[in-house]
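Student: Letter by letter, the chains look like this.
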Amino acid sequence: MSTQQIRVSVLSNRASTLLQYLVAVFFALIVLVPLVATVINGFKSPADLLADPFGLPRAWQWENYTSIIRGEAFWRQLKNSTMVVLVVALSVVVLASMPAFIFARMSFRGRDLLFQFFTLGLLLPITVLLLPLYITLRQANLVDSLWGVILPQIAFQLPSTILILRGFFAGIPRELEEAAAMDGCTSAGFFVRVLLPIMRPAIAAVVVLTMVASWNDFFLPLLVLNKEQLWTLPLGIMQFQGQFGTDWGRVLAFVALSLIPTIIFYLLAERQIVAGLTAGAVKG
Amino acid sequence: MVSSQPVKRAAAARRPRRQLGQIATIVGFLLPAMLLYSGLVLLPIIQALYYSAFRWNGLGPLQNVIGPANYIRAFNDRVFIGALSHNLQIIVLSLIFQLPLALGLALLVGRKLRGRAIFRAIFFLPFVLSQVVTGVIWNFIYRPEGGLINALLLGILPSLKPTAWLATPETVLYAVFVVITWKYFGYHMILYLAGLQNIPAELEEAAQIDGCGPFQTLRYITIPLLGSTIRLTIYLSVLGSLQIFDLVWVMTTGGPVSASDTMATYLYKFGFQRFQLGYGSAIATIMFVICFGFSLVYQRVLMRRDFE
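The listed protein sequences derive, respectively, from chains A and B.
Take the position in the first sequence, starting the count at 1, then add 792; the result is the number in our numbering.
Take the position in the second sequence, starting the count at 1, then add 84; the result is the number in our numbering.
Since the hints were made in silico from the structure, they are not lab data.
Watch out, some of these pointers could steer you wrong.
Derived CB-CB ranges, DEER-like [what the hints assert, rightly or not]:
1) THR1038/A to VAL111/B: 57 to 65 Å
2) ASP1039/A to GLY188/B: 34 to 42 Å
3) THR1038/A to ASN141/B: 34 to 42 Å
4) ASN141/B to GLN1021/A: 22 to 30 Å
5) GLY199/B to LEU1060/A: 14 to 22 Å
6) LEU386/B to PHE818/A: 27 to 35 Å
7) LEU386/B to GLU855/A: 52 to 60 Å
8) LEU172/B to LEU968/A: 48 to 56 Å
9) LEU1059/A to ILE240/B: 49 to 57 Å
10) SER169/B to LEU914/A: 25 to 33 Å
11) LEU1060/A to SER169/B: 38 to 46 Å
12) PHE900/A to PRO145/B: 20 to 28 Å
For glycine and all other residues, C-beta sits at the position ideal for the given N, C-alpha and C.
Please work from the sequences and hints to get the whole structure.
Tutor: Here's what the structure looks like:
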């Protein structure tokens, strides 16, 4: 190659790198501008917001945020959401890791059939289940109870979690299990004392996935929770929007506050979320 | 030699007990999950099938059998057919715009770009937001007066009249689709990134040495090798589009005049708001048949080799 050619190729390389950055920054802005605008516009009065949704507030309406923080509703909804998420995540891990262990490490007649029985659930759209489920919950007196949200959420998460964990559990070398058996460990003992501790990253991945799904769930709580005292955050946001529909500053302040736990969680758990999603996708 | 005799006997005695313990473990480990799953996932499907043969408001006894009338009613209702067609339009739009965008960005932040980890994290962020939060934020963005989009357009073209994107039947579905893309392109990008990691860089380098340009490498090496991931994202995208509810409900409740109704919002309106449980169950069953049928056919035909 002559110097001329090299120079051209360096230049076109630079141009293409620049172009790549422009595209990446463009899409990053499309994601970020709505979120930043939410936080900033949460400080505006209705008139201010109408005049210029892009600029900084002319007068910072701290009251938009402080009235929510001082009130009860936001904290109550945060508490309800947190309770549901914790119970669901813990139960899903316990209830799904046991069958996953059986399907990954034990052989008996009918095992594959049973496994397929569980994975059938992956093909059933949850929306379709909700109507009859609602009737069942009503008969069981679980309407207007957090358990009416918790139990179905656990059940919905079982198939995918079993599938993901089974994949992880199957990767453990046989020798480990044999060594444990030599030392007098039963299968259950091996599961609790050896498998679960070394599988912590896999467990973390399915826990965060379950937490995201449960935290964001809207349809099921919308059906089951009529009492305001029991509302989770998504229901609260929806209701707040209806109540303060014209005062968008306030609505956005509420949304911005509800974003804080999500964003913190995301920053802490991004890697686990990605690991869980890709494991589920590759194996599912 | 002599001493091995009692050991053997002891082992033989232990074996049945061991087997019993094994069976107990299997049953004990499977049962709780099985009960919850059967009762709250499988049973409702069967119930939906059953209820759909009745006219029922959910309160009185189930006695008003009307056979397939609920299904006939659904397929004769223009609003339901409209809702179904909106689901299909969202599927088509997703396959044409959302997935290629996700693939393009995955290629962009996949390997060389400096700062790619930050871009990836930003692109993936909307996926963890709830659909409710997303919907409310975009309700604000689409606001005719004081919304970001109209403010931006007016800044460029001051003579423009503000559009009520979510209140105009001609624009509402596209407006909703933009939000769906905003929320989910990062998810598909993550899946593509995982797929890209499994393609050895040497293959692409070899193609380049053989004289392939970047687009030829993409066309003949990268995309074919991403085949299983692409098939998977299409599958997930179609199933997600068939079930979409939260976003639509928060942004438009299916309006204006049903222009953004989906099967799920239609189901909610009839099943829960008007308490026509028999009819709602028929809608649920139709959704089930469409989703399940699609899953089976797609997996049999297109994804079969991916499992092997």
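Student: Now, for every hint given, state plainly whether the structure supports it.
Tutor: Results for each hint:
no. : hint                              : in the structure
1   : THR1038/A to VAL111/B: 57 to 65 Å : holds (59 Å)
2   : ASP1039/A to GLY188/B: 34 to 42 Å : holds (40 Å)
3   : THR1038/A to ASN141/B: 34 to 42 Å : holds (36 Å)
4   : ASN141/B to GLN1021/A: 22 to 30 Å : holds (28 Å)
5   : GLY199/B to LEU1060/A: 14 to 22 Å : holds (21 Å)
6   : LEU386/B to PHE818/A: 27 to 35 Å  : holds (33 Å)
7   : LEU386/B to GLU855/A: 52 to 60 Å  : holds (56 Å)
8   : LEU172/B to LEU968/A: 48 to 56 Å  : holds (50 Å)
9   : LEU1059/A to ILE240/B: 49 to 57 Å : violated (35 Å)
10  : SER169/B to LEU914/A: 25 to 33 Å  : holds (27 Å)
11  : LEU1060/A to SER169/B: 38 to 46 Å : holds (42 Å)
12  : PHE900/A to PRO145/B: 20 to 28 Å  : violated (44 Å)
Checked against the numbered hints listed earlier, the structure breaks hints 9, 12; every other hint is satisfied.
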